[in-house]
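Student: Just so you know, the sequences run in chain order A and B. With the working numbering applied, the first sequence corresponds to residues 1 to 224, in that order. With the working numbering applied, the second sequence corresponds to residues 1 to 495, in that order.
Bear in mind the hints are in silico, worked out from the structure with no lab data behind them.
Below, computed lysine-lysine pairings styled on DSS-like, alpha-carbon distance capped at 30 angstroms:
| hint | chain 1 | residue 1 | chain 2 | residue 2 |
| --- | --- | --- | --- | --- |
| 1 | B | K307 | A | K11 |
| 2 | B | K307 | A | K221 |
| 3 | A | K57 | A | K11 |
| 4 | A | K147 | A | K200 |
| 5 | A | K199 | A | K221 |
| 6 | A | K208 | A | K221 |
| 7 | B | K307 | A | K18 |
| 8 | A | K10 | B | K307 |
| 9 | B | K307 | A | K208 |
| 10 | A | K221 | A | K200 |
| 11 | B | K341 | A | K57 |
| 12 | A | K221 | A | K18 |
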Amino acid sequence: MKILLVEDEKKIASFIRKGLEAQGFVVDLSHHGDEGFIAATTRPYDAIILDIMLPGKDGLSILRNLRERGMSVPVILLTARSELNERLEGLNLGADDYLTKPFYIEELIARLHVVTRRASGASQSILVVADLTMNLLTREVTRGGRKIDLTAREFELLEHLTRSPGRVLTRAQICERVWNYDFDPGTNLVEVYIQRLRKKVDSESEIKLIETVRGVGYRMKPDA
Amino acid sequence: MKPLPFRIKIALLSTVISGVVLVAFGIAAYLMVFRQKMENLDTEIRSLGTRHPGWITSGRDYERLDESLGFIFGENHRDQILLAVKDPRGDVLYASDGWPEEIDPKRIGGDLTDDPQAARAARDDEELRGGHGWGGPGRGMGMGRGPAVFTKIPRFQTIATTRGEWRLGTLGTDETTLIIGLNARQARSELNRLRDGFLLALPLALFLVGLGGWNVAGRALRPMRVIAHTAEHVTARGLDQRIPLSNEDPEIARVIHVLNRMMDRLENSFRQATRFSADASHELKTPLAIMQGELENALQEASPGSKEQQVFGNLLEETQRLKTITNGLLLLARADAGQLKPALETVDLTAMLEGIVEDTRVLAEESRLEFEVKPIPAIRVQADPALLRTALLNLFVNAVKYNEPGGTIVVELETRENRVLLTLGNSGPGIPESDRARVFTRFHRVDAARQRLVDGVGLGLSLAREIARAHGGELELQESRPGWTCFVMRLVAAT
Chain A
1 MKILLVEDEK KIASFIRKGL EAQGFVVDLS HHGDEGFIAA TTRPYDAIIL DIMLPGKDGL
61 SILRNLRERG MSVPVILLTA RSELNERLEG LNLGADDYLT KPFYIEELIA RLHVVTRRAS
121 GASQSILVVA DLTMNLLTRE VTRGGRKIDL TAREFELLEH LTRSPGRVLT RAQICERVWN
181 YDFDPGTNLV EVYIQRLRKK VDSESEIKLI ETVRGVGYRM KPDA
Chain B
1 MKPLPFRIKI ALLSTVISGV VLVAFGIAAY LMVFRQKMEN LDTEIRSLGT RHPGWITSGR
61 DYERLDESLG FIFGENHRDQ ILLAVKDPRG DVLYASDGWP EEIDPKRIGG DLTDDPQAAR
121 AARDDEELRG GHGWGGPGRG MGMGRGPAVF TKIPRFQTIA TTRGEWRLGT LGTDETTLII
181 GLNARQARSE LNRLRDGFLL ALPLALFLVG LGGWNVAGRA LRPMRVIAHT AEHVTARGLD
241 QRIPLSNEDP EIARVIHVLN RMMDRLENSF RQATRFSADA SHELKTPLAI MQGELENALQ
301 EASPGSKEQQ VFGNLLEETQ RLKTITNGLL LLARADAGQL KPALETVDLT AMLEGIVEDT
361 RVLAEESRLE FEVKPIPAIR VQADPALLRT ALLNLFVNAV KYNEPGGTIV VELETRENRV
421 LLTLGNSGPG IPESDRARVF TRFHRVDAAR QRLVDGVGLG LSLAREIARA HGGELELQES
481 RPGWTCFVMR LVAAT
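Looking at chain A on its own, in the form it has when it is part of the complex (with noise of 0.2 angstroms):
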């Protein structure tokens, strides 16, 4: 997939760039407005990640500009302020979705797939890892053909660590994204929820999916 980056911070735009590369993506950067701007209505994209205040057009003037074009590429802002009114205006003038730095590679991903899920139809979304299945329209979660029920936290849980296998994800990651608490409750929520998603979807299997990284987190299972 082909992502642009608009994003005048080189360091941030770097570890973006090195993380989306990591899982795949094909990443184009362009650090000023004007050519951020140029590139993206000159060459095609999957997605857009446009960070707001930028050197020359800012995000959401390219944003705005794009659409009046007609051009429907899904676009996610950065910004580093979380005022309201810059998030509604991002959001009104057709910005698919909005981060708020700082963010986990893992969330900007996770949204990435999203966004391009619901431009390009239904085809990303079935997710599969060994003999899981997760069907992340209908929902449902199967283990070797055997149907799992899980709880709407326990199932974003597991559609979390399954979107890319073989990634240590911390505990601080997880809650963030799954509970979507910007804070550290320094306690075992998560590990609770790792019990209990070990107990529907492996305690019957040979194969141990969600495996424990020793003093970092938790992690899917690579793909042989």
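Given the coordinates of chain A, assemble chain B onto it according to the supplied hints.
Tutor: Quick look at chain B alone, frame taken from chain A:
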């Protein structure tokens, strides 16, 4: 007692002052007119007295005098004029038919003192006329035909009887004393009319004065109202409001000027504070974003289970903590600058609370805490869901952290009219009296010795309170004693 509004005070005060002045004036005028009327009567009595010809000596003559006096007053003269005559010893020589029984002529006037001036005038007069022929009462039984000259100082008094009020004048010579009474009814009734008119006009006048006071006070206060109105706007709409300066009185203009300058300064410092929170947002969050992103990538690249990966993992968790503190501080900075504006939408508080209770149960399992959730009614509030969740979560985490192992947490949600009350109690050891005022202070944690046991930052409660306030609510410590600490959050229900 609530003090009366200024306008009412001014109106009352002007009414009272004018009332006192008017009543005093009225009384004075009444007395003056009364005196004037009486003096008129006295003059009339004197002039009537001088009709007394000096030659009259016997009772029959007095009767004729009485009649001739009565003739002046026409038909009902008995109601108008009275006459009595006394000799120097005080014996009554004559009294009119209609002389009222209540009045004893003997006691009227008493002993009259000599009027040397009148006596001298009488003598001079006599000499001028040749020494005889004009005998006045001064000469006693003289045959004079001129008007009587009274050598005693006359005395006047007013006596009320069943037949009316009489003005009695006692006029005397050495030989005879004349008591002439005139009915004062007319004078009195004129006075009464005057009094009634005054009493009738007084309330009306006072009402008008009060109304005038009310109006004047209102006009005087108008600039105050403008000032108050603008000040309200300033708090409600933003600091760019100024009080308009339109040809006000110098005193008021000064107040307006001072207030406007104060608002200038306020606006300035608020702008700076606001800009700080916006700048700080960017300046703090950018490096945090870089750290977090780089660590995240490094974590994935490190070989699974390696020491590096654990270090990156730890750093990432600490970055998260830093991020939480930064977000909290920026939220508080915005609240302080009055910029914490919740993005209101209708939030199903019941569902949110149930979700949080479910999560908190998991958190509380470690300490084997019991949950006692009173039936939660379906309640919706107008709130910013993200902020409200943060506030509630902070409260719940607080209740878990400061509880004793095996303790309980009590959750109760209720509505009273349009207010929502969330009561959250825990069986913790209680907050010492001396610390209660500071539980909402930033970075304050009760019992510094527990710092190692209790993880987290002392921002939770102050953050929760600011969020409650930004929603038009409040967060308070309701009660705290050993084994029971209870917080109450008030919110406004969605209509």
